[in-house]
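With these hints in hand, go ahead and build the complete structure from the sequences.
The sequence shown finishes on residue 133 if you use the working numbering, and the numbering steps up by one all the way, no holes.
Bear in mind the hints are in silico, worked out from the structure with no lab data behind them.
Even for Gly, the Cβ is constructed at its ideal location relative to N, Cα and C.
Hints are not guaranteed to be accurate.
Simulated restraints on C-beta separations [unchecked claim]:
1. Glu26 <-> Tyr74: 33 to 41 Å
2. Gly124 <-> Glu22: 20 to 28 Å
3. Gly27 <-> Gly124: 30 to 38 Å
4. Asn51 <-> Asn28: 53 to 61 Å
5. Glu83 <-> Gly11: 26 to 34 Å
Straight-line alpha carbon distances no greater than 20 Å define the calculated DMTMM-like cross-link-like pairs of lysine to aspartate or glutamate that follow [to be verified]:
6. Lys88 <-> Glu132
7. Lys88 <-> Glu72
8. Lys88 <-> Glu58
9. Lys88 <-> Glu114
10. Lys88 <-> Glu54
11. Lys88 <-> Glu76
12. Lys88 <-> Glu128
13. Lys88 <-> Glu77
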Amino acid sequence: MESYRVEAGGSPEEAWVEAEYVVEGNLCRVGASFTASVAGSRVYFSNYNTLEYLAEIRLYAEVNGRPCREVYVEEAMLLDESLSVKSVASLDNGTFIVVVGLGPMPPPEGSELTLLISDWRGVRVEVGVEV
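So, in structure tokens, the structure goes:
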């Protein structure tokens with residue numbers, strides 16, 4: 003490799019990286035991006051099995067401008083407290099439903115639930131939703 007340049011950046015809902023390198027006089031470019039956004043959410047009480055409040059968040063995620071097939075929810079936080087992720091379901095075409103356990107008491111009105119989400123490459127973004 004003769005030379006290289008790497009740039010990376012993003013915002014809370016988007017991460018990207020671009021690299022250029024020269025090998026034997028040939029310029030090569032590589033880029034990757036991952037975005038996630040909240041499409042909807044609701045909070046409800048589950049009296050079926052867990053007897054706790056649950057947050058259901060509908061997400062849309064893209065990798066390199068195309069719908070994402072798989073996401074990982076690495077962490078869920080509410081008021082600086084880590085929460086349990088109950089399930090992550092893929093609907094289709096980049097849409098996912100994440101269910102997070104909030105505990106036996108309803109969350110304070112207007113509080114923000116934060117999810118740390120990554121794609122299959124390990125690129126992470128953070129999304130927040132008011133519950």
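Q) Broken hints, numbered, in rising order? A) Hints that this structure does not satisfy do not exist here, as all of them hold.
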